[in-house]
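2 protein chains.
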Amino acid sequence: METVSKNRCFGGVQGVYTHHSDACACPMTFGLFLPEEAEQGPVPLLWYLSGLTCTHENAMVKAGAQGWAAEHGIALCFPDTSPRGEDVADDPAYDLGHGAGFYVNATESPWSAHYRMWDYVTEELPSIVTANFAIDEERQAVTGHSMGGHGALTMAMSLPGRFRSASAFAPICAPTQSEWGIKQFTAYLGADKAAWARHDATALMEARGFDGPILIDTGTDDQFGDFLSTEVLAAAMAKRRQEGAIRLQKGYDHSYFFVASFMEEHVAFHAEALWA
Amino acid sequence: METVSKNRCFGGVQGVYTHHSDACACPMTFGLFLPEEAEQGPVPLLWYLSGLTCTHENAMVKAGAQGWAAEHGIALCFPDTSPRGEDVADDPAYDLGHGAGFYVNATESPWSAHYRMWDYVTEELPSIVTANFAIDEERQAVTGHSMGGHGALTMAMSLPGRFRSASAFAPICAPTQSEWGIKQFTAYLGADKAAWARHDATALMEARGFDGPILIDTGTDDQFGDFLSTEVLAAAMAKRRQEGAIRLQKGYDHSYFFVASFMEEHVAFHAEALWA
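Taken in order, these protein sequences are the chains called A and B.
Taking this note's numbering, the leading residue of the first sequence gets 771, the next gets one more, and so forth.
Taking this note's numbering, the leading residue of the second sequence gets 771, the next gets one more, and so forth.
Same shape as in the complex, but just chain A (with noise of 0.2 Å):
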């Protein structure tokens, strides 16, 4: 693990760091801020997976989450979208290939040969960050936004006991059902419908749900809220009365805008889980 960057932010640092994935087969860079308390012993840690297009530092430099994670003490994760690289599969649209990696492990031709990002974020990540720095790795949480806040989701219920609390920012809640989905698990995962619905919010709320609060934040002028599928998500959440909220928030769209404005209220509702 190499050291790229690292900034005093908050009283904290803010660091990115490089390393070679073996789950993706291809260098990969992440994010991880770290509070001051970070110094004198282990810290919860906050997964943040980002959206479409998006590198590592969209986030850690437009939500403004680092301050509240200062507040409370809490680190932050920023894991890239996507395997990247000369070498690796790529598409001309923005929502497949770079940039698009939707959390999955990919079985076809020829993304399976990087497009691992299931076992990056879930395995590989999270071993390299407990092994090198001060995270306290029995309290986890995890968020994220839009294609992000669909990999928070589907981390989350998949993961038993792994979090403690969930959350998410205009999250993708059925890709099987939506344009943001069913292009990419069709790509990645290919013809057989079963292994999409291991990686479907909503599936996975009808199967089993979550062992912890969910918050889940949406803007009813969200640019793209045909491709979100809420209604389905809030419809499974319902049934399930699974603990959470699923909240509409009056003009705000899909912009980090949007997020930032939220972000303290996400990051309390974690540290709430977290310290518990």
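Some clues are possibly wrong.
As the list makes no split between identical chains, a pair holds if one copy fits it or if it spans any two.
Only pairs whose alpha carbons sit at most 27 Å apart, straight line, appear in this in silico DSSO-like list of lysine-lysine [stated by the list, open to error]:
#1 Lys-1020 with Lys-963
#2 Lys-1020 with Lys-776
#3 Lys-953 with Lys-1020
#4 Lys-832 with Lys-1009
#5 Lys-1009 with Lys-963
#6 Lys-963 with Lys-832
#7 Lys-776 with Lys-832
#8 Lys-776 with Lys-1009
#9 Lys-776 with Lys-963
#10 Lys-776 with Lys-953
#11 Lys-963 with Lys-953
#12 Lys-1020 with Lys-832
#13 Lys-1009 with Lys-1020
Calculated directly from the structure, the hints in this document are not laboratory data.
Because the structure is a prediction, the values reported are computed rather than measured.
Following the hints, complete the assembly by docking chain B onto the known chain A.
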């Protein structure tokens, strides 16, 4: 004036607008955040002047200012840092030409045709902003980062009565003595050092000071610390017994991670003056 974008943000609106600038003889773009209170009537305005290489956008997305401005019911204006366009003179260096206007009116060729940023930020843009938005022009304050901190301090001292408070993040404090200043003033203003002194915060502090409080934060690990001349402004402030503070913040560098870390305190500092 045309609207480029509007995003709901912390209960208010983050807008981006373009207009023809008479001062700069080209189209100019600026960001304006209006808090929710602006729907009811005029609100105070805090100007944020950006640093070298920045556009209107950097601080708007990276400084984390809107949340604090919303909390205090204050608008924020983010001007660009130079004229731009194919017809506008430029230089290959990052610190001259596009993105490096230094908030002066150039008198030397080829810069004088468009580089009239002093007139733009002190006269033309204020007129446009107050004419088109719910701004209380009796309640204005100014801040900025690096080159924009230089702009903020020189504007505050050159326009008595305009601003109730002034602050800066890692400002260029004495451009007439710095690699960030001598090169640009020579290019834009020519050999007449009397013209230079009118744009040097330390010279202005020695000559007249500011009729309100000043807050300056600079990192002890600022990688451009030698270009900032913080020590000469600190001496001039102390000698004049200028109301205010220069704080050296341990471990922080020149980045927006530093700016964001202290934004809450700067906005609160201005709010106290603006709402007095």
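Hint-by-hint comparison with the structure:
1. Lys-1020 with Lys-963: neither (35 Å within a copy, 55 Å between copies)
2. Lys-1020 with Lys-776: Close across copies (14 Å), not inside one copy (37 Å); limit 27 Å.
3. Lys-953 with Lys-1020: Result: close neither inside a copy nor across copies, 30 Å intra and 50 Å inter.
4. Lys-832 with Lys-1009: This pair counts as neither: shortest intra-copy Cα distance 35 Å, inter-copy 40 Å.
5. Lys-1009 with Lys-963: within (23 Å within a copy, 75 Å between copies)
6. Lys-963 with Lys-832: neither (36 Å within a copy, 41 Å between copies)
7. Lys-776 with Lys-832: Both: 17 Å inside a copy, 17 Å across copies.
8. Lys-776 with Lys-1009: Answer is neither; intra-copy 46 Å and inter-copy 37 Å both fail.
9. Lys-776 with Lys-963: For Lys-776 and Lys-963, the Cα distance exceeds 27 Å both inside one copy (43 Å) and across copies (39 Å).
10. Lys-776 with Lys-953: neither (38 Å within a copy, 30 Å between copies)
11. Lys-963 with Lys-953: Close inside one copy (12 Å), not across copies (64 Å); limit 27 Å.
12. Lys-1020 with Lys-832: So Lys-1020 and Lys-832 pass the 27 Å test inside a copy (21 Å) and across (24 Å) alike.
13. Lys-1009 with Lys-1020: Classified as within: same-chain Cα gap 25 Å, cross-chain 52 Å, threshold 27 Å.
In this structure, the hints that do not hold are numbers 1, 3, 4, 6, 8, 9, 10, in rising order.
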